[in-house]
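> Hey, can you work out the whole structure from these sequences and the hints?
Note that my numbering has the sequence shown beginning at 86, numbered continuously upward.
It is worth saying that the hints were derived from the structure and are not from the lab. Cβ atoms here follow ideal geometry from the backbone N, Cα and C, with glycine treated the same way. Hints should not be assumed to be uniformly reliable.
[What the hints assert, rightly or not] List time: in silico DSS-like cross-link candidates among lysine-lysine, alpha-carbon distance up to 27 angstroms: (1) K459 to K331; (2) K287 to K331; (3) K179 to K273; (4) K460 to K191; (5) K177 to K191; (6) K177 to K273; (7) K287 to K334; (8) K177 to K244; (9) K244 to K460; (10) K459 to K191; (11) K287 to K244; (12) K331 to K300; (13) K459 to K334; (14) K273 to K287; (15) K287 to K179; (16) K228 to K300; (17) K228 to K287; (18) K287 to K300; (19) K459 to K244; (20) K244 to K191; (21) K244 to K331; (22) K287 to K177; (23) K273 to K459; (24) K273 to K300.
[Claimed, not checked] Derived CB-CB ranges, DEER-like: (25) D396 to L298: 22 to 30 angstroms; (26) Y433 to E340: 19 to 27 angstroms; (27) E279 to R349: 34 to 42 angstroms; (28) D274 to K459: 17 to 25 angstroms; (29) E336 to Q374: 19 to 27 angstroms; (30) S379 to R315: 40 to 48 angstroms.
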Amino acid sequence: MLKVSCNAAEQVHSLAQCRFFGPPKSKPRPVFTRRRVGVSFCNPTTKSPVLAVVSDRSGGAEGATAQVDTGLGSLADRLRLGSLTEDGLSYKEKFIVRCYEVGINKTATVETIANLLQEVGCNHAQSVGFSTDGFATTTTMRKLHLIWVTARMHIEIYKYPAWSDVVEIETWCQSEGRIGTRRDWILKDYATGEVIGRATSKWVMMNEDTRRLQKVSDDVRDEYLVFCPRELRLAFPEQNNSSLRKIPKLEDPAEYHTQGLVPRRADFDMNQHVNNVTYIGWVLESIPQETIDSHELQSITLDYRRECQHDDIVESLTSVEAIEERDSIHSLNGTNGSAAVAENKQQYCRQFLHLLRLSGDGLEINRGRTEWRKKSPR
86 MLKVSCNAAE QVHSLAQCRF FGPPKSKPRP VFTRRRVGVS FCNPTTKSPV LAVVSDRSGG
146 AEGATAQVDT GLGSLADRLR LGSLTEDGLS YKEKFIVRCY EVGINKTATV ETIANLLQEV
206 GCNHAQSVGF STDGFATTTT MRKLHLIWVT ARMHIEIYKY PAWSDVVEIE TWCQSEGRIG
266 TRRDWILKDY ATGEVIGRAT SKWVMMNEDT RRLQKVSDDV RDEYLVFCPR ELRLAFPEQN
326 NSSLRKIPKL EDPAEYHTQG LVPRRADFDM NQHVNNVTYI GWVLESIPQE TIDSHELQSI
386 TLDYRRECQH DDIVESLTSV EAIEERDSIH SLNGTNGSAA VAENKQQYCR QFLHLLRLSG
446 DGLEINRGRT EWRKKSPR
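Below you can see the structure in the form of C-alpha cells.
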C-alpha cells in the first residue's frame, strides 16, 4: 500500500520521492518496511542531476565512457514513468491511456498511438542530454540551425489499448546510411507483457532557415552514435515486412476524395511545421465510412514529401489497393496460410492507397498506405 498524504501538495511531493515515479536505475535501492496494512516504499529526494553512463564508440581509448547530464532532478522527470534501459542504448516509458485519447471504438486512436511514439522519442532524446526542445538536436546541429524531420513512418497495431490500460513503449535510434537516422519502437501491454504494436521511422536533417535537406555530417553522426546499439536492432525484420514496401503515387480519379482540409494553429509544432500526426488524421478523413464501421486500422505507412504551410488547403484522396494473396495471409496472425483464410481474405482485410496534395496546384505532400482488419465482435 503506497503511503501518501491527503493534502494535495504533500501528495505531489510524496509521489515525486517514490521510486516508481523516478528512474529505477539511477537511484539507490528502496528500503521496504513491512506493515500490517501493506508495504511502503519511497526514496529520499535529491536535487542533483543524474548522470547516464554509456559506452563511447566514436573513437579514443578502449573502454572510454561518456557521462551525460540527464537533468533527472526536475519534478517532471521524477514523475515521468520512463528511464534508459540498463545498457543505456534504449529508453522505456509507461503511459496510461486517458479517456480523451480513445475513439468511437472505446480504444486508443491511431493518432493517440502516434503521439505517444513521438513523446517517448522526445523523452529519450532528453534523457541522453540532447536539446531540451525535444527534437534531439545535437550541439553541432544547433550551431548550424539543423533539425530532424520525418521522411517515413510505419506503424502496426496488433491490439488497441483501451481507456485506463497501461502501455509500455521502448524506443531506440541508429544510423540510416549517410542521409539520416532511424528510430524504432515496440509497444507492450504493461499488465501482460504482450507486444501490441511496433513502429519504425526514417528521419533526415533539414536546415531550419532554408528548409532544405542536408546530409548528416561526421560531426553530427559522432555525437549521436554513442547512444545507438552496437548491432543493428530492428523492430521489424529486414525481410518480408510491409514497412519497406514502396508506395505508388495515387492517380486521379480517386475513389474517395475529401477537400478543404486546412492546418489549424494547434497543428504546428515547435519546429514551425505541421505536426506529423496531423497528416495521419488527414489521410483517414477520406476512408469510406463503411470501412470505419466494419474494420479497424492494422497498419499505416506515410512517406512525407513536402511541408504544409499555414495558409495551404489540402485534399485527401483514397483508392482501394488490390491485396496480394501473400500479403493478406502474412498479415493474419495465427492462420498458417490456410486455404479458408485465402478465400476470405478480401472480406477480412482491406488495403488502401492515399495521397495528400495541395489544392489548386496539386503538389504532393504525402503518399500513404493503410491496411484494415475486420473488427472482432465484442
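> Does each hint hold? Answer for all of them.
Hint check:
1. For the proposed pair K459 and K331, the alpha carbon gap of about 24 angstroms is at most 27 angstroms, so the pair holds.
2. At roughly 14 angstroms between alpha-carbon atoms, K287 and K331 fall within 27 angstroms of each other, so this suggested pair holds.
3. Under the criterion of a C-alpha separation no larger than 27 angstroms, the hint pairing K179 with K273 is consistent with the structure, at around 9 angstroms.
4. Proximity of K460 to K191 is assessed by CA-CA distance (about 13 angstroms); at most 27 angstroms being required, the pair is judged to hold.
5. Straight-line distance between C-alpha atoms of K177 and K191 comes to about 25 angstroms, which keeps the hinted pair within the 27 angstroms bound.
6. The straight-line distance between the Cα atoms of K177 and K273 is roughly 10 angstroms, inside the 27 angstroms bound, and the hint therefore holds.
7. The straight-line distance between the Cα atoms of K287 and K334 is roughly 19 angstroms, inside the 27 angstroms bound, and the hint therefore holds.
8. Between K177 and K244, the direct Cα distance comes to roughly 19 angstroms. Compliance with the 27 angstroms bound is thereby established for this hinted pair.
9. The straight-line distance between the Cα atoms of K244 and K460 is roughly 11 angstroms, inside the 27 angstroms bound, and the hint therefore holds.
10. Distance check on the hinted pair: K459 and K191 sit about 16 angstroms apart at the alpha-carbon level, within 27 angstroms; holds.
11. Distance check on the hinted pair: K287 and K244 sit about 24 angstroms apart at the alpha-carbon level, within 27 angstroms; holds.
12. At most 27 angstroms may separate the alpha-carbon atoms for a hinted pair to count; K331 and K300 meet this at roughly 22 angstroms.
13. For a cut-off of 27 angstroms, the pair hint linking K459 to K334 stands: about 26 angstroms separates their Cα positions.
14. Of the supplied pair hints, the one linking K273 and K287 holds, its CA atoms being roughly 22 angstroms apart against a limit of 27 angstroms.
15. A distance of roughly 24 angstroms separates the Cα atoms of K287 and K179; the hinted pair therefore holds under the 27 angstroms criterion.
16. The straight-line distance between the Cα atoms of K228 and K300 is roughly 15 angstroms, inside the 27 angstroms bound, and the hint therefore holds.
17. Straight-line distance between C-alpha atoms of K228 and K287 comes to about 23 angstroms, which keeps the hinted pair within the 27 angstroms bound.
18. Proposed proximity of K287 and K300 is supported: the alpha carbons are some 14 angstroms apart, at most 27 angstroms.
19. With a CA separation close to 13 angstroms, the supplied pair K459 and K244 stays within the 27 angstroms bound.
20. Restraint check for K244 and K191: satisfied, since their Cα atoms lie roughly 13 angstroms apart, inside the 27 angstroms limit.
21. The suggested pairing of K244 with K331 holds, with an alpha-carbon distance near 25 angstroms, which does not exceed 27 angstroms.
22. At most 27 angstroms may separate the alpha-carbon atoms for a hinted pair to count; K287 and K177 meet this at roughly 20 angstroms.
23. Between K273 and K459 the alpha-carbon distance is near 22 angstroms, which keeps this suggested pair within the 27 angstroms criterion.
24. About 34 angstroms separates the Cα atoms of K273 and K300, which puts this hinted pair outside 27 angstroms; it is violated.
25. Taking 22 to 30 angstroms as the suggested C-beta distance range, the pair D396 and L298 conforms, at roughly 23 angstroms.
26. At about 20 angstroms, the CB distance of Y433 to E340 agrees with the hint of 19 to 27 angstroms.
27. In this structure, E279 and R349 meet the distance hint of 34 to 42 angstroms, their C-beta atoms being roughly 36 angstroms apart.
28. The hinted range of 17 to 25 angstroms is satisfied by D274 and K459, whose Cβ atoms lie roughly 22 angstroms apart.
29. For the hinted restraint 19 to 27 angstroms between E336 and Q374, the CB-CB distance of approximately 24 angstroms keeps it satisfied.
30. Look at S379 against R315: about 46 angstroms separates their beta carbons, and that is inside 40 to 48 angstroms.
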